[in-house]
Every structure is written in structure tokens, then in C-alpha cells.
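Each chain, letter by letter, is given below.
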Amino acid sequence: MKVAAVFALGLIATVVPAIAHHSFAAEYDIKKQVTLTGTVTKVEWLNPHMRIYVDVKDTSGAVNNWECELGSPNGLMRMGWTRHTLKPGDTVVVEGAAAKDGSNLANVKTVKLPDGRRLFAGSASETGDSKAGEK
Amino acid sequence: MDRATSTFIVLLSTCVSLSAQWLSYPTVGIPRLPDGKPNLSAPAPKTRDGKPDFSGTWVFDESKKDQYHGQNIDKVVKGGLPYKPGVGEMMRARGSKENEVSNPLSHCLPKSMLLLDSSPLASGDSSGVYKLVQTPGLLIMLFEYNITWRQIHTDGRPFPTDPEPAWYGYSTGKWEGNTLVAETTGFKDGVWLDVNGNGISDAAKITERFRRPDFGHMQIDFTVDDPKSYTKPWTVTISEILIPDTDVMEAVCLENERDSKHFVCDDPAAPGCSAQTPAGAK
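Chains A and B, in that order, are what the protein sequence lines are.
Quick note: the first sequence uses our numbering, first residue 323, plus one each step.
Quick note: the second sequence uses our numbering, first residue 5, plus one each step.
None of these hints come from the bench; they were simulated from the model.
Remember, it's a predicted structure, so these values are computed and weren't measured experimentally.
There is no bait here: all hints are sound.
The calculated DSSO-like cross-link candidates involving lysine-lysine, where the alpha carbons are at most 30 Å apart (straight line), are:
hint: 1; chain 1: B; residue 1: K79; chain 2: A; residue 2: K353
hint: 2; chain 1: A; residue 1: K353; chain 2: B; residue 2: K69
hint: 3; chain 1: B; residue 1: K192; chain 2: B; residue 2: K82
Residues from chain A that keep clear of chain B, each with C-beta distances beyond 10 Å, as calculated:
hint: 4; residue: Q355
hint: 5; residue: T363
hint: 6; residue: V378
hint: 7; residue: K379
hint: 8; residue: D380
hint: 9; residue: T407
hint: 10; residue: G411
hint: 11; residue: E417
hint: 12; residue: R439
hint: 13; residue: R440
Here are some, though not all, of the chain B residues that point toward chain A, as calculated from beta-carbon distances under 7 Å:
hint: 14; residue: E148
hint: 15; residue: A255
hint: 16; residue: C257
hint: 17; residue: N260
hint: 18; residue: F267
Just so you know, even glycine gets a beta-carbon here, dropped at the ideal spot from N, CA and C.
Kindly generate the complete structure, drawing on both the sequences and the hints.
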């Protein structure tokens, strides 16, 4: 299991059409790119989106907890993720797009794991527009 | 084959210890290449009475271009959708991102027949995997998204009269040579087909023509004939690829739906915008 999981995760970096159950553009701003470095406080391996909550220190030293939305568990599993891939206490670097409403919420494009591997998060962040074809 | 699917197939074929999980469990009795991988180019299987057998675990084939792949149908159909007067405006208004709260899918309501067949392997809200089980009088489709099923009856029954309106209607199928022609009526009024607001009325009849040219591939021509919404029928084509050695897994959308409260309008004057938060409100 561990060997295969490493094998599969190493092949990640695919770009998939960004069709989700809702519009990326109604919720996130592709121009508000964020890079969040911090400690995972909670993992929700649930539908419709896996979520991780990350304590992130800002420039003033204050800690904010960010809600980070990834792809669906089923989609992630078929890309080599499991519900054990991330756990509270892990240090991660999350790249993605921030929410339009100003809350500490981001749609994740990639996650850098504690062991240095950078995984694609299987979410709608790839093209930034899940109403594909609208433009 | 696209990279997501090929990544997944490599995962399946290289891991023995994962066979303890059904995510990667060998399918019995399928044609295989000398290296053990499924032979997707083998002839399509047939049932005992010589009909094509569509059974298998399938997913949308992202490698095929020039097909419908989940986007705005109005941009795919040649010349645009043939809306009746006023219908296009209504569908565009309800389907704009300024009005995302009106998108049934954003509240985890049923995904359309069209989107169930055209969701990618690793899509944002579930995987698009489904299992098709063909029996002599009935085809059953089992979808991961919301643990949804569809039935296509091939026992010669007529459509129900005055049916209870349904999200997926009532489907009957018959054979035309090697093509299974399934017709569906009895829809609820206003069902969306894509995420951009394009949909059908309760007068719609949808025809799906299923073909399986070889073991690993299936094609569905999806035709909508809805005299209340469109001036003439229109068709989109979807291609599916077989993914043996796996199984369908549950995906219950509503178990942790947290997005709808964050939808925002960029344009406060847009129709439906009052139901969403103005940008930057928090």
C-alpha cells in the first residue's frame, strides 16, 4: 500500500477539466492567489470537498485559521490520496485562490506535504472557472 | 487516454496490496494483454442473445476532443442552442455566476443525466465513475455522485401515463442493430442539464444512443427534444472509457456542503444577485 501510494502520488500533476458542482467564479477570485504555510489543525475527508484547516501566521505574527478546499475524496483517491495523507500537526504549504467574500477560505491548487512532495489538489482551481466554456 | 485516467490505471495495475480494498480489485473474466492490463481494444462483449453488452465500470473519456465535456451546452451545439423566444434569456440569467444560489447542483441536488455521463475521473465534486449492469430486461446504472441510480427498461413496456414527475424521468430502451436506443420522458419541469442554466421542461423527451465499438470504449449520442424550450431537437456526443479492476464508491454531496454561503455577486445589478453576498462584504 505504501509503495503503491508513493508511486501513484509521484505521478500526480495532471490537469483535469474544472467541472464542479458549483461555479468557482461565484466563490473564489483566481486573481487573489495565496500561499499559506502552516500547521494542519483539522482534516475533513468528506464530500463534496476534502477540507483542511491550517493555522497560518501572518506578517504581524497573528495566527489565522484558514479553511482550504480541495477536490472530492473519490477523485483524490483515484489520484493516489487517502484519508491518511494529511493529518493534524502536519506542516504544509498550500497554494490556491482566496474567497471573494474576504473570509479565510481558499480553493487549493497544490499542497506541499511535510516530506516535500507537492500534490495537485484535484479541485476546480486548475482553470479557475468551473462554468467552463462560459467565456 | 488522458493522464488522469492513465495515472489511475497505473495505480491499479502496480499495486497488489491495495487489492484488500475494492478501489482496486481485479475484475474477473475480462480480456487482458500479456502484461495483465485490461485489453481495451478487444472486441465488445455480447450477451447470450447476441446483443452488445454494455456492462462495466465506466468514466468519461477526457482524451476525446470535440465532444461535450460538462461545459455550457450553448457553446457546444453548432449554431448555439435553438431556444424558443425568451427561453435563452431565462436560462442564461438563472445560470450566471451572479446567480449561483439558483444552481441546483450547488445545493447538492441531483446531477443531470448528461453530467452524470460527462464528469471526469477526478472531478471537483466526486469522481465521474459509474457502473452499468446489463440484464436481459433491464439496464441499471449506478453512479457515485449522491449514490444515484438510473434504470433503462428493455422489457418492451410502454411509457407510464401521467407519471410522477422525476429528476431522471422514466427510461425504456430498444435495439437498433448494435445500438441501444433509450428514450426518457416524465421529467420534472425545470431540470437543469448543465451548470450554466440550460435545461428542460416537463415536455422533454431525451434519447440516448449507446454504442460500444470495442471492449474499452462506449459512445453516447444524447438528443433532447423539448418543444416547450427549443424549436428543434439538438444532440451532443459523449465518449466513455472502461476502467476495470475498480468499483464505485459512495459520494454523498450534502454531508459537508459549505460553499453556498460564500457565493458572491460581482455585479449588484445582476438578476438574482440579492440572494448572494456582495463582493468584499465580510
